[in-house]
Amino acid sequence: MTVLFYIAGAVAVIATGMVITRRKAIHALLYLVVSFLALALVFYVLGAPFVAALEVIVYAGAIMVLFLFALMLIDAGRAEEARERDWMRPRAWIVPSVLSAALLAEVVYLLARGGVPGRTAAGAAAAGGAAGVGGAAGEAAAQVKAVGIALFGPYLLGVELASILLLAGLVAAHHLTVDLDSEDGETAGAADSGAPGRTRQKGGRP
Amino acid sequence: MGLTLSAAAGGATHAAGAGAAGTGAVTGILTELEQQFPGVDFVRQETKDGIPTAWIGREALVPVLRHLERGVDGPFRTLYDLAGMDERVRANRDGLPAADFSVVYHLRSYDRNADVRLKVPLAGDRVSVPTVTGLWPSADWYERELWDMFGIGVDGHPDLRRILMPPWWEGHPLRKDHPDRATEMGTFQLPPDDDLLYQEALEADPAQDARTVVLNVGPQHPGTHGPVRIILTLRDELIVDAVPDIGFHHRGAEKIGERQTWHTYIPYTDRVDYLGGVLNNLPYVLSVERLAGTEVPPRAQVIRVMLAELFRISSHLVFYGTFAQDLGAMTPVFYTFEDRERLMAIIEAITGGRMHPSWFRIGGVSQDLPAGWEQMVRDFLDYLPPRLREYDRLVMQSRVVKARTVGIGEIDKDTAIDRGITGPNLRACGFEWDLRKKRPYSGYDRFEFDIPTAARGDCYGRVAVRVEEIRQSLRIIRQCVDQMPSGPHKSEQPLAAPPSHDRMLHDIETLIDHFLGVSWGPVVPPGEAICPTESSKGDYGYYLVSDGNVTSYRTRIRTPSFPHLQALPLLCRGLEVPDLIAILGSIDFVMGDVDR
Amino acid sequence: MPDTAWHIIEVVVMLLLPLLMAGGLTVVERRLLGQLQDRYGPNRVGVMGEMQVLADAVKLLGKEDWIPPFADRPVFVAAPAIILMSVLASFAVIPLTSGFAVADLNVGLLFFLAMSSLGVYSVALAGWSSRSKYPLLGGLRAAAQLLGYEVFMGMSLLGVVMMAGSFDLSTIVEGQRGLWYVGPQFVGFVVFFIAGLAETRRTPFDLPEAESELVAGYHAEYSAMKFGIFYVGEYLGITLVSALMTVLFFGGWLGPILPGWTWFLLKTSILILVVIVVRAALPRVRYDQLMSFGWKVMLPLTLINLLVTAAVILAT
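Chains as they are written, first to last, in the working numbering: chain A, 1 to 206; chain B, 207 to 802; chain C, 803 to 1118.
Derived by calculation from the structure, the hints in this document are not laboratory data. Quick caveat: nothing in here was measured; it's all calculated off a predicted structure. Don't take each hint at face value.
Coverage of chain B stretches by chain C, computed from C-beta distances (three or more under 8 Å per stretch; other residues unrestricted) [what the hints assert, rightly or not]:
#1 523 to 536
#2 558 to 569
#3 607 to 615
Even glycine gets a Cβ: it sits at the ideal position worked out from N, Cα and C.
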């Protein structure tokens, strides 16, 4: 299990590195997906299968697909690649790298000292951590339940706030797309001079 | 043989048979015009189809046409046909204005149920006519064809490019001095540079902005039913504009008509609407018969009607299945082709051919019906209706089909008439008009049938009309079987048929006659005629000009698919790509019919 | 050690069985469609045409494996692999019979959802990497369609999960000893079936490949075995969805007299045939109709189903 953990961890780190250095956006995105999958495996090995599954379903399976969808619509050509290549010059990346390295050093130091201090019980439950390390099936079910109880118990307010935020985002997104569509309708209508075809509004989008 | 001769008795009776297009209206509209435009010189011409025809000067053209289009009672709202003609080597031109070229405007009024034909003589260096696209939007492609085929310029045309020939073509094919065989044109070569040139000629304008996509549908695309190219401009998968690019199927059928004898051109007609079989022969032989004044015996007429209706069913069955397939339903096409196969067995038994039987002859049909035909046809008449009921459940009543077709590609009656749309597509707009009823030809007035219509002029309506037409055709065929008259199956007129074998063996004169008729071909007296017919696709006619020769001087094929495809952009703007495919399927065009 | 040996057998069976079924399915589908459409279908190779699979495989392997010069090579090659991997991986959690599953995961159902959500990449990337307009349109349609229908697919299963109290597929099957979940969860089953058709891109939801509109959609530029893999991937998808419906709604291996695995295979096969018959019967819907059907009909339906299920569970 430990070997698996390290392999997955290494894959995640390397894939993330590739995300930054790829010139084509879609290639970078693919490495990001790989990175998420590796992270999911790390979660699983750490004994949190529920979180692992959610990681894949939500991040790799849904959010990244939306990114992909957007990227497919934007046909980034050679100019974009040249700009990306420009960013690869040391001048562009050396300062952020040094800063990140400092952070990395801190993390390594903390880990070497024997774990992160001050983990709260609730945090552990949310991460699906402590109880489930190497747990049996029953315990895993309990884990899921624990996550659920944590979400709808102590963190109810947080969940509700988040959902309100998301709802607002949804309404805003809908508003934006509807505006665009109606503009289209006008221009199309002007162009076709009495054409009987009507401009239909697209059905709901995710 | 002057043109005065052409007002022969035969021609007149046929004109009368053509309904109101003849007699009463003949003088009517031209007299009206003469009163309206006293300064304009209308040179009347007698034609054998009885359609009032007059030559007018180039300057008077647009005012007269505008008056016809909107000024008169029962306006001529449809530009039925617009075609050119090379007059330079025409011998029989007595009484006609001098001209190197002429342009024929064939107009139709549905209110009057009458046609009128105006001709413009063109001569000298500047052969051009003013555009009439402002009066009839459908003139667009016809005028481009005029330019392409004759090099007759069209002043004021918005987009005067070649249409059937590729842009790099040299010369104008329907001019008499253009070669009509590849063997007259030197060895064909395709150097790489030229190939590049040809490829570049196919390029379309790139997208204007990031959200606009230009999508090339065809010329090889499973949804287009033949080699047609549609350049789509999309904005978020919505069609902003669609520009059909045709000519990939052009085979010069009109040019071939000037080379083949009257009889030997019949097989070429089969290939024009290649799903229509004898429905193609019919308008051609009817036009020739009008020119030659041939009387068709009753049995031949009924056989023709029966075969024509069988082929109408065949064509509609192909349409039905492929339309469903365009919507993504894979099963109906196999069913309808199975039915068509049974129908083809009948066709094969009667004619010996399948898709292109070339079976009609001038003055009748090729052979008499074979023994046992009646049972075969009756079996089919009993076989098809239950199958049609099944397809109704499978296709017409399917909720997905309705969701895909109802309200899609709508066109209203008035626009359809302006655009020259005919046949089932026009009836789908709720306009009850069928040439078989309104101007009965080939004895259609003796049959009982209904004209199916739909209300909205959408894809669903166009399919529904055709499905009902299959049932009506079955009705007609049943009447044909029940009332098949006896008698000869073709006319005995010398122009139509060679002398009988027995007589030929008896005297040398008849033998010579037979020899000439078979090897050289009959000489059809000079004249002009068209006999529009109701084909499976729409209004279909051969405008034939005879110069007293064994071949036609000018063969103009007025096909229904040409204006139908031209109206495509109108139907699909603002819709999506899948709707375009549904519309393409529903207007039921055949590229052979469009490009000829 | 016998444990390990048993496990290896499990892995081999669960890898080969779906592949065999998918391969056989290509012929079964064509034959069955042939019967439904008044024609024969492939019947020349082998006794009843069953060797057509081999003939096709040989043909596909023998064809030139062409990659368009304008394509994005690495992604173009990776795309067909992704579909095969994601679908095959999902079979790991399907219990063939009691105790016979490669991975008796306690989050088995979530694992399936996770894997099926990865399948989107294959289609979308195939469309994108072809660098050609029709595939791109197909890929875009696929991304939107699969993403949307994944939502209903997951939600339609939650009713079953609530009733069984577990994400573990074996537990879910055991929970159906008295009554198959297709009864109480009929709405869930219908939604899952429809979403399954959409996820496997089958008629009437085959918009990403829509041959009459987009020619072949996302795999228009693919040839030879890469195309073959998409083909196999589609049939694997059908097999997977049918197997899952068997497990979730039709009591998996449960059944009298016969051994469990036969029941499982029998039920799965019947469901596969239903999927094929649907293809013969229906035309294709339009993109916007698909989306509005999903969000305006399927989503409310699953939500109501969830609500009712929860209420019933709470009340009893």
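Taking 8 Å as the C-beta cutoff, is the stated coverage of the region 523 to 536 of chain B by chain C satisfied by three or more residues?
As far as the region 523 to 536 of chain B goes, the hint holds, because 7 residues have Cβ atoms under 8 Å from chain C.
For the region 607 to 615 of chain B, do three or more residues have a beta carbon lying closer than 8 Å to a beta carbon of chain C?
Result for this restraint: holds, n = 3.
Examine the region 558 to 569 of chain B: at least three residues should have C-beta closer than 8 Å to a C-beta of chain C.
With 0 residues closer than 8 Å to chain C, the region 558 to 569 of chain B misses the three-residue bar; violated.
Consistency note: the structure conflicts with earlier hint 2 alone.
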